[in-house]
Amino acid sequence: MRPDPEAKLAALGLTLPTPPKPVAAYIPCRRSGSLLFVSGQIPMKDGTLMAQGAVPGKVSPEVAKQCARQCVLNALAVAKAELGSLATIKQVVRLGVFVCSEPGFHGQPQVANGASELLVEVFGDAGRHARAAVGSIDLPLGAPVEVEFLFEVE
Amino acid sequence: MRPDPEAKLAALGLTLPTPPKPVAAYIPCRRSGSLLFVSGQIPMKDGTLMAQGAVPGKVSPEVAKQCARQCVLNALAVAKAELGSLATIKQVVRLGVFVCSEPGFHGQPQVANGASELLVEVFGDAGRHARAAVGSIDLPLGAPVEVEFLFEVE
Amino acid sequence: MRPDPEAKLAALGLTLPTPPKPVAAYIPCRRSGSLLFVSGQIPMKDGTLMAQGAVPGKVSPEVAKQCARQCVLNALAVAKAELGSLATIKQVVRLGVFVCSEPGFHGQPQVANGASELLVEVFGDAGRHARAAVGSIDLPLGAPVEVEFLFEVE
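Taken in order, these protein sequences are the chains called A, B and C.
Okay, so the first sequence: first residue is 1052 according to this note's numbering, each after it adds one.
Okay, so the second sequence: first residue is 1052 according to this note's numbering, each after it adds one.
Okay, so the third sequence: first residue is 1052 according to this note's numbering, each after it adds one.
A portion of the hints provided could be inaccurate.
Each computed DSSO-like pair below joins lysine-lysine, with the alpha-carbon atoms no more than 27 Å apart [as the list claims (entries may be wrong)]: (1) B:K1141 x A:K1131; (2) C:K1131 x C:K1141; (3) B:K1109 x C:K1141.
Sample of chain C residues facing chain B (criterion: CB under 7 Å; computed from the structure) [what the hints assert, rightly or not]: (4) K1059; (5) M1101; (6) S1152; (7) Q1159; (8) S1167; (9) H1180; (10) A1181; (11) V1185; (12) G1186.
FYI, nobody ran anything at the bench for these hints, they're computed from the structure.
Ideal Cβ positions, reconstructed from N, Cα and C, are used throughout, including at glycine.
Take these sequences, add in the hints, and give me the full structure.
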């Protein structure tokens, strides 16, 4: 039996933040059929960015990995606001992970694992997903990481 | 009742360009079921790029925002050529926005709003969408912006 | 009648590599309905990267194009392991192509054509696809190219 993702979050001592409000013409997520596309999330926590700048000079890979994990919490908050319950997520389909990188930094996958591993902790095998992790010269607000999500929902 | 997107374009004084021809092995769009994926569009207008280079040094954020708007017109031209009528677009699902950025430029969302806002002007609430906006070190032909689109169609 | 993609690969003298094993919490591909999302592939060949670094200084555009072609072989190996046969691929839907670029390199489309052209060689018209090709400041392991794939399957 599939783990209850919200119980799992609680067992991990994690609480979902208040979902971000739409800040522009775009919205936090859009559903099409059984696919839920969640907009690119940056590591906002309690109203501020957890870290700012490129990896590894200004932000260490380990901190960036924690930032990727925070992006998941923000995305799950968006999904829960849309769906009512995270239990309606059948599987995580795809992640697009952008890591603000200095030239010569090749560790985007290790940073992205912060997001991927938390999804597996929360959803079990249904949390495994396809992924593209790439470097970016700069990201909104100077975020070290941005992650977008595609979920399959009931 | 949903606004007629082509009437709305006309009311805005906007005309769709001639859709770009396939220039390589890839094509301007591909449909799979109710999803229409439109290839990354750059701000070509009357056969030339509206601007060239990175934001904000060579291209100002305001000009880049206008470029993002032009990418929408180019994408709608592609969609109309494929679908016959833009009225068959049920909703805009997702945008991927790449902004050619100098290090230290964090304003990708403001640039991307040029695309997002025009879609809402044309399609109303159905034009709202999920979005990832990121910086890119360089883009095809030196474009300041590239935008790819996912539409849900009838 | 549609060409048999595996016979076509053989006629081109191409053999699929052993598909990569999951190296982290993410997996090589995830299916949702008729859509198969394949994770970002880098040009690994016989266990090593074919080239490393940015285009065009460290890696020539021509070599990068060959790398993009290798990404296709790696993705098809993933797809075959998932599907049993490549003949169940109905069409190629979308490619996301990231080219590790020095500032001032605008030839991402030519590099990406290495992937697009091979897909058309193998699948015929069903191999044509929507595409976004952009520059990236750096990629996993220092790869010059990363390509992610979306296939429609039976």
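For each hint, the structure was consulted:
1. B:K1141 x A:K1131: The hint holds at about 24 Å.
2. C:K1131 x C:K1141: It holds: about 13 Å lies between the C-alpha atoms, which stays within 27 Å.
3. B:K1109 x C:K1141: Distance of about 44 Å is beyond 27 Å: violated.
4. K1059: 15 Å, violated
5. M1101: 20 Å, violated
6. S1152: This interface hint holds because 5 Å falls under the 7 Å limit.
7. Q1159: 5 Å, holds
8. S1167: 4 Å, holds
9. H1180: This hint holds: C:H1180 lies near chain B, its Cβ roughly 5 Å from the closest one there, short of 7 Å.
10. A1181: At about 4 Å, which falls below the 7 Å cut-off, the nearest Cβ of chain B leaves the hint on C:A1181 intact, so it holds.
11. V1185: 5 Å, holds
12. G1186: 4 Å, holds
Going through the hint list in order, the structure does not satisfy hints 3, 4, 5.
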